[in-house]
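> If you're matching positions, the sequence shown starts at 142 in our numbering and goes up one per residue.
Everything labelled a hint here was simulated from the structure, so no lab data went into it.
Heads up, some of the hints might be wrong.
Said to hold, decoys possible - Just the calculated beta-carbon pair ranges, DEER-fashion:
1) LEU270 / PHE250: 17 to 27 Å
2) SER275 / GLN201: 21 to 31 Å
3) GLU207 / ARG274: 38 to 48 Å
4) THR236 / LEU270: 13 to 23 Å
5) THR190 / TYR247: 17 to 27 Å
6) ARG230 / SER275: 16 to 26 Å
7) ARG230 / GLU178: 15 to 25 Å
Quick caveat, the model's predicted, so the values are computed rather than measured.
Where is the CB? At the ideal position from N, CA and C, for every residue including glycine.
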Amino acid sequence: MLQGNPDGGPDGGNKSNEYISDITIKPLDRHNLLRPETVESLFVLHRITEDPKYREWGWQIFQAFEKYTKVDSGGYTSLDDVTSLPPPRRDKMETFFLGETLKYLYLLFGESNILPLDKYVFNTEAHPLPVIRSVVQVSNTV
């Protein structure tokens, strides 16, 4: 997944000559805000298929976060241009990195009985909500 960057960079784009015409990263799109959507997808795909490649890709993303976005104070920062090595940092960490991105990484590597997908659904802010099967079930739990 991250193999396209010769240094294993954080952008996840494949930059080999074979695919270069398929991928164009515009200058204003070269940033990484530490958004959760990719790791959320990897979490769901792993839970559904149990294919270890999704965990491997998630681990590569986590390692790139550690290498390029972790700051000395212990926090993380978004990046201005992932096509540059080292990527310039923005000195800003959005709240969704802790509340969503890291949560999905934790769930990706955790046991499948933690918030099973047949019993929970996640809202757009990564909050788990129990699946309610019937009104009877709701009245029995209140």
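> Hints numbered earlier in the text: which of these fail when held up against the supplied structure?
2, 6
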